[in-house]
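Residue numbers (this note's numbering), protein chains in the order written: chain A, 1 to 387; chain B, 1 to 387.
Incorrect hints may appear among the rest.
Since copy identity is lost for identical chains, a pair holds within one copy or between any two.
[Unchecked claim] In silico lysine-lysine, PhoX-like type, Cα no more than 20 Å apart, as pairs:
1) Lys43 <-> Lys258
2) Lys305 <-> Lys258
3) Lys21 <-> Lys258
4) Lys43 <-> Lys265
5) Lys361 <-> Lys265
6) Lys228 <-> Lys361
7) Lys33 <-> Lys14
8) Lys119 <-> Lys265
9) Lys232 <-> Lys274
10) Lys14 <-> Lys43
11) Lys258 <-> Lys227
12) Lys178 <-> Lys232
13) Lys227 <-> Lys265
14) Lys265 <-> Lys178
It should be emphasised that the hints constitute simulated quantities derived from the structure, not laboratory data.
This is what each chain is made of:
There are 2 protein chains.
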Amino acid sequence: MTRRVCVIGVGLTKFGEHWGKGFRELAIEAGIKAIEDAGISGKDIDAMYIGNMSGGRFIGQEHIASLIAGELGLNIPATRVEAACASGGLAVRQAYLAVLSGKHDVVLVGGVEKMTDVKTSEAALTLVGAADQEWEGYHGVTFPGLYALMARRHMYEYGTTREQLAMVAVKNHENATKNPIAQYPYPITIESVINSPPIAEPLNLLDCSPITDGAAAIVVCAEDVAKKFTDKLVHIAGSGHATDTLALHDRESLTEIKATKLAAKMAYEEAGIKPAEVDVAEVHDCFTIAEILAIEDLGFVEKGKGGEFVEDGETRLDGSIPINTSGGLKACGHPVGATGVKQIAEIVLQLRGEAGERQVKDARIGLTHNVGGSGATAVVHILERDW
Amino acid sequence: MTRRVCVIGVGLTKFGEHWGKGFRELAIEAGIKAIEDAGISGKDIDAMYIGNMSGGRFIGQEHIASLIAGELGLNIPATRVEAACASGGLAVRQAYLAVLSGKHDVVLVGGVEKMTDVKTSEAALTLVGAADQEWEGYHGVTFPGLYALMARRHMYEYGTTREQLAMVAVKNHENATKNPIAQYPYPITIESVINSPPIAEPLNLLDCSPITDGAAAIVVCAEDVAKKFTDKLVHIAGSGHATDTLALHDRESLTEIKATKLAAKMAYEEAGIKPAEVDVAEVHDCFTIAEILAIEDLGFVEKGKGGEFVEDGETRLDGSIPINTSGGLKACGHPVGATGVKQIAEIVLQLRGEAGERQVKDARIGLTHNVGGSGATAVVHILERDW
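Okay, chain A solo, but in the shape it has when bound:
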């Protein structure tokens, strides 16, 4: 009885420092590319969701969704969704629910962030708004600091090594060299990560995702309507969303993200699949430790074995479960509100066999995992092609 939901188009801008393009130009560029990719026209779209973390502080602009709808010349329902760095993934989930509701058929989802119009120090302060401002931010804790606490504890409990953390960044930079939109498409080495400037011990500069401008868009569509536009359908087979306390110190564990586990359970059950069936995944590697937590919490490897799994090459393009083929947040870039939508776009390209040099052979089922803050939001999607 429930209608099925598909992704029929994707569009991406280059990720990086866009001195020549503003917020609205980036959003429109990605949106129009997704519309063209879907083979639809603007008037086919009946609703829009936009993921954006902090337009208010980055560019002085709220009311983002109406801005973008207006620029596209549409009077449709348009909604901005915010859950810090998980804003994009959550916008996709809202579009999915909107199509399931039966009230909308063709929904454009955009994610966009323009982060370089403010000083880096101001951007860092803005990002602390994703943590608990009263209990964490005002006392000087930064995001590298919060993830450093998690990294240290993981190293202590499970013997994860400094080199294993670095290998995450090395692998993601390697993937980024094959991705034309990546912010940092160049290889790095374990040594260069370990010798890069310290940020919050044990994390160095090259363990951290960068500050990025960029936008991503997808077209989400009811299956019955999608068949008018394409024969090759990529389904949203499962969608999960969970939350946890905003402050890290209120959680039971420093070495797992409970919201990821809950969101993943919801998505796996809805899709009727097990983690081992996933062929390719984009996970939230805001810091190198975050990717290790993610692959454990998503069930790709036992808790505590993530570091070894990376060291064994299992997450590389030619490994058993290629992770972050796009280059991830680390090397493709992390325009916070756009990241979750970009993850879906990357997986759609993989499932369609359109990922070029970074193509995972015969990918049929893909997963995306988008985290807000230090784990207070997690959104997981499972995509599956039907051919």
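Using the hints provided, position chain B relative to the given structure of chain A.
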């Protein structure tokens, strides 16, 4: 086949300047009141939507929905929705869609804004984020300025008088005297409005809604589940949402809000009713002219006749269509993200016959109308009791 959706609980904080309560205390207070009013417990809730315009700039806090879910001890999907001053109404609509999707049954919707932790001048700058920052804000246009343009044109085209504008404020203050949560529960006169300090000609201080702290919450529930908790169901009979260009100068008309007309059409059609069937309405009176535009665009009175309609007393508590029984944004207060949720709460109280001294006799169908910016977002809901 489509499930019906109800509102089974409402909760409101006092609106005003809360020096002794912070953002999270306000949100939790309203949420717990709504949960208690619905006769449910926290564990019955399976999702949450929060309307908030600018936590990032007012209190340095984004990631609002996870914050509130965490404070309530829940790990449920929680989503912040933003559409400037229409954030609250839009959060209600997303909850409605989420229940219609079949993925959620009992959804807590909150609206909250803490505006007085920054200086008034800073609050005003933050609110300009609801307009087009590049084309309006940076050039010095303020919201009173934008609505003053609309007021002047309405006076020119339709002969609306200065006194008629003032009568909107006088009527709303009169209603506020009967509302225990109102920020300004005292009567004013036409003379006091006209003699109050000029803000943007023809609008004076008492034509403008204030800066307010406050929160509102409702519990939205699938009808089949709601019957476990109550026999008296208030249905969401219709929901409409539309957008328009963010900048006022890009629109075809200064004297109508096209987004209101489109959203109202959607809601009326869904509910299967005509404007004349509405017994009571909460409309978006951020400035006195806005209420006149609203009652025209919602179809309660012909375009251009809104001023006369107010002068004739038709919108008073004892008139043909009582408008803003709560006191409206003008006198009940306007904590921007909370306003749209408060409107729904007020209508639910009216339909239940629990509105005390401001009760509209035999109210059976109510309407809410929430606007973002100068009209780039409009959200309309129609509520109906089934007894």
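So, going through the hints one by one against the coordinates:
1. For a Cα distance limit of 20 Å, the shortest separation of Lys43 from Lys258 across copies, 18 Å, qualifies, whereas the shortest one inside one copy, 41 Å, does not.
2. In the homo-oligomer, the alpha carbons of Lys305 and Lys258 lie at most 20 Å apart inside one protomer (17 Å), although the nearest pairing across protomers, at 57 Å, exceeds that limit.
3. For the identical chains of this complex, Lys21 and Lys258 are neighbours neither inside a copy (38 Å) nor across copies (30 Å), given an alpha-carbon limit of 20 Å.
4. Proximity of Lys43 to Lys265 under the C-alpha cut-off of 20 Å is restricted to the inter-copy arrangement: shortest distance 19 Å between copies versus 37 Å within a copy.
5. For a Cα distance limit of 20 Å, the shortest separation of Lys361 from Lys265 qualifies neither inside one copy, at 26 Å, nor across copies, at 50 Å.
6. Taking CA atoms no more than 20 Å apart as the test, Lys228 paired with Lys361 passes in neither setting, with 28 Å inside one copy and 51 Å between copies.
7. Taking the shortest alpha-carbon separations for Lys33 and Lys14, only the intra-copy value of 12 Å comes in at or below 20 Å, while the best inter-copy value is 47 Å.
8. For the homomeric pair Lys119 and Lys265, neither the shortest alpha-carbon distance inside one copy (39 Å) nor that between copies (45 Å) is at most 20 Å.
9. Taking the closest pair of Cα atoms, Lys232 and Lys274 never come within 20 Å of each other, the shortest separation being 24 Å inside a single copy and 43 Å across copies.
10. With identical chains, the CA atoms of Lys14 and Lys43 are never at most 20 Å apart, being 26 Å at best within one copy and 44 Å at best between copies.
11. With identical chains, the CA atoms of Lys258 and Lys227 are never at most 20 Å apart, being 38 Å at best within one copy and 33 Å at best between copies.
12. Proximity of Lys178 to Lys232 under the C-alpha cut-off of 20 Å is found in neither arrangement, the shortest distances being 25 Å within a copy and 60 Å between copies.
13. Taking the shortest alpha-carbon separations for Lys227 and Lys265, neither the intra-copy value of 30 Å nor the inter-copy value of 29 Å comes in at or below 20 Å.
14. In this assembly of identical chains, the alpha carbons of Lys265 and Lys178 never lie at most 20 Å apart, being 32 Å within a copy and 49 Å across copies at closest.
Violated hints, listed in ascending order, are 3, 5, 6, 8, 9, 10, 11, 12, 13 and 14; each of the other numbered hints is respected by the structure.
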